[in-house]
Amino acid sequence: MRSAAGKTLAIVWKDITSEMRTKEIATSLIAFALLVIVVVSFTLEPGENTSPIAAGILWVAFTFAGVLGLSRSFATEKDKGCLQGLMLCPVDRSILYLGKMLSIVVFMIVVEIIIIPIFIVLLDQSGFPPQLAVIALLATIGFAAVGTLFSAMAVNTRAREVMMPLLFLPVASPVIIAAIKSTALVLSGGSWGDIASWLGVMAAFDAIFLAVSPLVFEFVIEE
Amino acid sequence: MQALKQNTRSVNGLLGLTFALMIAAQFLIFVYVPTERTMGVVQRIFYFHVPLAWNAFLAFAIVFVCSILYLRSRDMKWDRLARSSAEIGLLFTTLVLITGTIWDKPAWGVWWTWDPRLTATLILWFIYLAYLFVSAYATEESQGARYAAVIGIIGFLDVPIVALAIVLWQTQHPSPLIFEGGLTGSMLLTLMVSIVAFTLLYLSLLILRNSLRRDTDEIKKLKQYMDERN
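Chains as they are written, first to last, in our numbering: chain A, 1 to 223; chain B, 1001 to 1230.
There's no promise every hint is true.
Simulated restraints on C-beta separations [what the hints assert, rightly or not]:
| id | chain 1 | residue 1 | chain 2 | residue 2 | range |
| --- | --- | --- | --- | --- | --- |
| 1 | A | S51 | B | G1109 | 48 to 54 Å |
| 2 | A | D124 | B | Q1026 | 56 to 62 Å |
| 3 | B | Q1170 | A | S28 | 51 to 57 Å |
| 4 | A | R158 | B | K1077 | 48 to 54 Å |
| 5 | B | Y1225 | A | L215 | 52 to 58 Å |
| 6 | A | E45 | B | R1214 | 55 to 61 Å |
| 7 | A | S197 | B | S1142 | 41 to 47 Å |
| 8 | B | S1142 | A | A211 | 43 to 49 Å |
| 9 | B | E1141 | A | F42 | 44 to 50 Å |
| 10 | B | V1011 | A | A4 | 28 to 34 Å |
| 11 | B | L1157 | A | S28 | 27 to 33 Å |
| 12 | B | L1188 | A | V162 | 35 to 41 Å |
Hints were generated in silico from the structure; no laboratory data involved.
Note that the structure is predicted; figures quoted are calculated from it, not measured.
The C-beta atom is built at its ideal place from N, Cα and C for all residues, glycine as well.
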């Protein structure tokens, strides 16, 4: 018998293996995030100073890529009939939730690792502030914490593509605000102290929804 | 039958009381209370705005409690109550946003500003819009009820964090003051009567919407029964 952590990792590993074979999610998310950056940059004049809105552009790209990736997470399970299989697994529903959540975090981080350097080049930022790594990690966990729940919900409704952003964007808005504001601060040379309260908002969001979501997840996927 | 009659009578009593208090509140708002010195006549919208906002919040708190009760008991009566309350809460939030915008233009000179309260109210509106969408777009009745309950819980827990994030954002740009001085006695009285009137209105609407929903469910059940028999 595996431990709870072992079971969770087994689900994460299943998602990673299937992703390694198809490379469906990561590649499409990276391309999509890049396109968002390009499209939003159309508002800029050539040679304009981009620093005030660079953080906004980055997080708009990550938020929309996140919505897309999150809805894929359960859509693939559902379409191929794997959701039934997952639910038949002799594990607690909260472990199912944690597993899916962690695999989303892993995918999102891969996307972010690739996108951030390109973003720095395209929007002419001076470098990679180390604080950005912590901001991205906290925000990604927050996105995945509520996103996993909503993804499992949206996939079972009619008009699932529309449902996901409708559910996700307002609820995740504190994380989006905190990520944009703190990224803007560190891109303009802010220190850890400047962004401490923003990191606090994201940490509080992550803690609350990581505690509550596993409890309500069983009501979402029961048949 | 007797119970039903009794029930109808008490609902009618509540409706009558709501109507009387609403009329009294209108009198206080438009005739009795003096015009505010700095803002002028537009300030009277305050006596609609605040009671609506308070009741919208009350409505969402009731959605939260009923959602938990539904998930625990699986009794459809809690689901009906939660959804009815969410509809009225969304209606009241819409009115809060509209009255706020009308008030903003003369008071602050703009229709909309990304002030903490405005922004938080707008996000609240979107959360409960999603709530109603999900329950409407679910593929079956019980699934819609479960999803709605989950959002009723998550959404309500989200409200304080949304408020925290937005307040933190706005501390960088101080927001304009609503009042120069405090509320005088007559203003406070008007506000209180208006709050009670709107709370009764909320309760009346909730009871009516809920019983309409109960009847809809009842008819659906009967129809299903008839279909099975034929």
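Each hint, compared with the structure:
1. A:S51 <-> B:G1109: 48 to 54 Å: 29 Å, violated
2. A:D124 <-> B:Q1026: 56 to 62 Å: 59 Å, holds
3. B:Q1170 <-> A:S28: 51 to 57 Å: Roughly 37 Å apart at Cβ, these two residues miss the hinted range, so it is violated.
4. A:R158 <-> B:K1077: 48 to 54 Å: 26 Å, violated
5. B:Y1225 <-> A:L215: 52 to 58 Å: 36 Å, violated
6. A:E45 <-> B:R1214: 55 to 61 Å: At 60 Å between Cβs, range holds.
7. A:S197 <-> B:S1142: 41 to 47 Å: 42 Å, holds
8. B:S1142 <-> A:A211: 43 to 49 Å: Between S1142 of chain B and A211 of chain A, where Cβ atoms are some 26 Å apart, the hint is violated.
9. B:E1141 <-> A:F42: 44 to 50 Å: 45 Å, holds
10. B:V1011 <-> A:A4: 28 to 34 Å: 52 Å, violated
11. B:L1157 <-> A:S28: 27 to 33 Å: Given about 32 Å between the Cβ atoms, the range holds.
12. B:L1188 <-> A:V162: 35 to 41 Å: Given a distance of about 46 Å, which is not inside 35 to 41 Å, the answer is violated.
The structure does not agree with the numbered hints 1, 3, 4, 5, 8, 10, 12 stated previously, though it agrees with the rest.
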